[in-house]
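A.B. asks: One letter stands for each residue in the lines below.
2 protein chains.
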Amino acid sequence: MSQAKIPRKIQLEIIREKHHQLPLIMNESGIDCWLIFIRETEANPDPIMDLIIGGDVVWESAFIFSNTNEGFSKVAIVGNFDAPAERKKEIWDDVIAYKEGIAESLRNYLNNINPQKIALNYSEDDVVSDGLSHGMFLKVSSILKDKKERFISAAPIIQVVRGKKTKTEIKLITKACRLTEEINHTITSLLKPGMSETEIQKLYHQEMDHFGAVEAWQRVSCPAIDAGPDKEIGHVGPSPKHFTKRGHSLHNDFGIKLQGYCSDLQRMWFFGTEIPAELEHAFETVREAIIKAADFIKPGVTGFSVDKIAREFVKSRGYKEFAHALGHQVGTKAHDGGILLGPLWERYGDTPKGQVEEGNVFTLELHVTTKNYGTVSLEENIVITKAGCQFLVPPQEKFILIE
Amino acid sequence: MSQAKIPRKIQLEIIREKHHQLPLIMNESGIDCWLIFIRETEANPDPIMDLIIGGDVVWESAFIFSNTNEGFSKVAIVGNFDAPAERKKEIWDDVIAYKEGIAESLRNYLNNINPQKIALNYSEDDVVSDGLSHGMFLKVSSILKDKKERFISAAPIIQVVRGKKTKTEIKLITKACRLTEEINHTITSLLKPGMSETEIQKLYHQEMDHFGAVEAWQRVSCPAIDAGPDKEIGHVGPSPKHFTKRGHSLHNDFGIKLQGYCSDLQRMWFFGTEIPAELEHAFETVREAIIKAADFIKPGVTGFSVDKIAREFVKSRGYKEFAHALGHQVGTKAHDGGILLGPLWERYGDTPKGQVEEGNVFTLELHVTTKNYGTVSLEENIVITKAGCQFLVPPQEKFILIE
Chain A
1 MSQAKIPRKI
11 QLEIIREKHH
21 QLPLIMNESG
31 IDCWLIFIRE
41 TEANPDPIMD
51 LIIGGDVVWE
61 SAFIFSNTNE
71 GFSKVAIVGN
81 FDAPAERKKE
91 IWDDVIAYKE
101 GIAESLRNYL
111 NNINPQKIAL
121 NYSEDDVVSD
131 GLSHGMFLKV
141 SSILKDKKER
151 FISAAPIIQV
161 VRGKKTKTEI
171 KLITKACRLT
181 EEINHTITSL
191 LKPGMSETEI
201 QKLYHQEMDH
211 FGAVEAWQRV
221 SCPAIDAGPD
231 KEIGHVGPSP
241 KHFTKRGHSL
251 HNDFGIKLQG
261 YCSDLQRMWF
271 FGTEIPAELE
281 HAFETVREAI
291 IKAADFIKPG
301 VTGFSVDKIA
311 REFVKSRGYK
321 EFAHALGHQV
331 GTKAHDGGIL
341 LGPLWERYGD
351 TPKGQVEEGN
361 VFTLELHVTT
371 KNYGTVSLEE
381 NIVITKAGCQ
391 FLVPPQEKFI
401 LIE
Chain B
1 MSQAKIPRKI
11 QLEIIREKHH
21 QLPLIMNESG
31 IDCWLIFIRE
41 TEANPDPIMD
51 LIIGGDVVWE
61 SAFIFSNTNE
71 GFSKVAIVGN
81 FDAPAERKKE
91 IWDDVIAYKE
101 GIAESLRNYL
111 NNINPQKIAL
121 NYSEDDVVSD
131 GLSHGMFLKV
141 SSILKDKKER
151 FISAAPIIQV
161 VRGKKTKTEI
171 KLITKACRLT
181 EEINHTITSL
191 LKPGMSETEI
201 QKLYHQEMDH
211 FGAVEAWQRV
221 SCPAIDAGPD
231 KEIGHVGPSP
241 KHFTKRGHSL
251 HNDFGIKLQG
261 YCSDLQRMWF
271 FGTEIPAELE
281 HAFETVREAI
291 IKAADFIKPG
301 VTGFSVDKIA
311 REFVKSRGYK
321 EFAHALGHQV
331 GTKAHDGGIL
341 LGPLWERYGD
351 TPKGQVEEGN
361 VFTLELHVTT
371 KNYGTVSLEE
381 NIVITKAGCQ
391 FLVPPQEKFI
401 LIE
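These protein sequence lines are chains A and B, in that order.
In terms of our numbering, the first sequence is numbered consecutively and its last residue is 403.
In terms of our numbering, the second sequence is numbered consecutively and its last residue is 403.
Watch out, some of these pointers could steer you wrong.
For chains that are exact copies, the list does not tell them apart, and a pair is met inside one copy or across any two.
No more than 27 Å apart at the CA atoms, straight line, and that leaves these computed lysine-lysine pairs for DSS-like [unchecked claim]:
1) Lys320 / Lys145
2) Lys5 / Lys202
3) Lys231 / Lys89
4) Lys5 / Lys175
Everything labelled a hint here was simulated from the structure, so no lab data went into it.
Go ahead and model the full structure; you've got the sequences and the hints to work with.
C.D. replies: The structure is reproduced here in structure tokens:
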């Protein structure tokens, strides 16, 4: 049976932990009202739902957290058919049900609490803070015409809510990482020269199915399997025409989703016993870059400063810098959004400028390219602690040898 | 193994069928350019992707269909790591890869084709035409500052692309409906008085797992199981405290996703041999309302006119009208968006005003409430043909009796 989804009881527990953090988070961000406005979430979900609402709605629905003089309150305004499910969760102070349309109930409620700011889920830079569709933005703008000037982005709230993993969440991500390594271990015992990338991916899928885990990103490229020197690294699936070979390396990029939480690890194998000096040098560079970044990272440092440590080290060792960020957050999504450990490039917007916080879970990942043996790439998962970080599973220290 | 997802080969076949329809659809809607603007789709997908793109992207990506004097063309502008996967699909005339940011490539490409209109995926009324997030709308508005006035909603394109099911799609939905009925049939042989709703749902989940099918909407309420007269009908899960009982009815609302396509059916059972006249009258009313709507529906009629047939009939038989739409479309989503067979209520916006088209797949569903025996509710799935409609599986004609 599928173990991919989070058990209901644990999900509601995490939601309660998150709701409990909210008054403080809203205070710190200076936002007195957060409005989540969604509909038909089976077809078009908001990425924050799993952590704050827990379950789909069909009709237009407003979930409102407000932190006013009268205290903190959390209310759901939903269609009459969705109301029983919301009441059953026992996480809302009030569930207001409507029949024909949400406009009047929503307008009345907001007139009543009269917040200074109304945070909505949109962000140019952070995908997981951007769950409000443009059509729904137009709709809420017309319903709350007289309060439009108070709209601001909820990204400052969402980034902390998502990014600061609770104890339960860290346990679940660690569990996913452990199973990922267990599967890697099983596959290691089956690897031999002459296997195609497609064949190896199939073995991974069988193991995942066996444990009821699913792929952390699209199955066609999860795990990515790259055999030998001629593979273009990227978000591309395995090829039936690339084979493992004595004297060559093998690379994977593999993450699973287990009970709702993801892992995202890269590992490398070598077929033979004598690793060419060029490959060894590349591996050491990647491994050391990751360790240096891990030694540096701690609460309060900016994302781009962590990226820089690894990037400069790679360049100092004579390699071209990697064309991606050093690390992204991991959670219910393999790419969990929020602050990024990345360079200040256009496509990353402001996300590398944010500060690392205790409880964040990041990848540390990079690659370098050798002249004759293709790409060497590793990826580890860490959690930020009070003073630094911890690896969720031991980092890879050398090539796994297939003799 | 999971059979929930569409096999890659079939998906690319459907995408080619859809691309093939596009020049005509764009012509008919008077739109010369359709721009799909997405990023990190694993975290925040656009509902149209499965039918038009097929697979996730990580970085900001633009998929542009244009129908200009120089002919029809379809181009992908994606990050360098996403480019290999797009090229491998062989569905794009050109794949343009960028490294640091998409703005320049996107601006250049649109300056070059210089379309009169630029359709974006937003809609206040239709959820599946509303895949553009507000943050991404702000971003594309700033990248294409000088062309902002040309932006319009892509809903007229998307509603036809999604709504007009291809032959392959109708086959897949029919297959899902048949397996749904097969599972209903198996469960029927296991039903007896004294079972809890939760227990019955568990049996359904076991059967779904056995066939590798997954729930068409959230598992906690798929299937919905409603035993006896005291159940509040809605999107709510089963209760361990409601039991089947001799003399009472049992209702389910059950849909599966098989190879990427959904079913959505409601069925009713009665425990005993002598159905109370009140229940029989309610059942006949619901069944006849569905048949009347099916007899009426054909290409060209408006959604609300079909809803009205069933709604008026129910009222003429002395029941309160149902507080939802008569029918929604079914496809890769259980609620597949587009035109709705619904009343002209605020929460449905303009969607009931659209015209039914050949190839649309709809549910026909409604309920009435009895005084002593609770709710009677049925749901069938139909496909619109040239002259009328066909049921995808035979509609329920009487209570299934458990003796």
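A.B. asks: Next step is simple, just say for each hint if it's right about the structure.
C.D. replies: Right, here's what the structure says about each hint:
no., hint, in the structure
1, Lys320 / Lys145, "neither (52 Å within a copy, 35 Å between copies)"
2, Lys5 / Lys202, "both (22 Å within a copy, 16 Å between copies)"
3, Lys231 / Lys89, "between (49 Å within a copy, 17 Å between copies)"
4, Lys5 / Lys175, "both (13 Å within a copy, 25 Å between copies)"
Violated hints amount to a single one, hint 1; each of the other numbered hints is respected by the structure.
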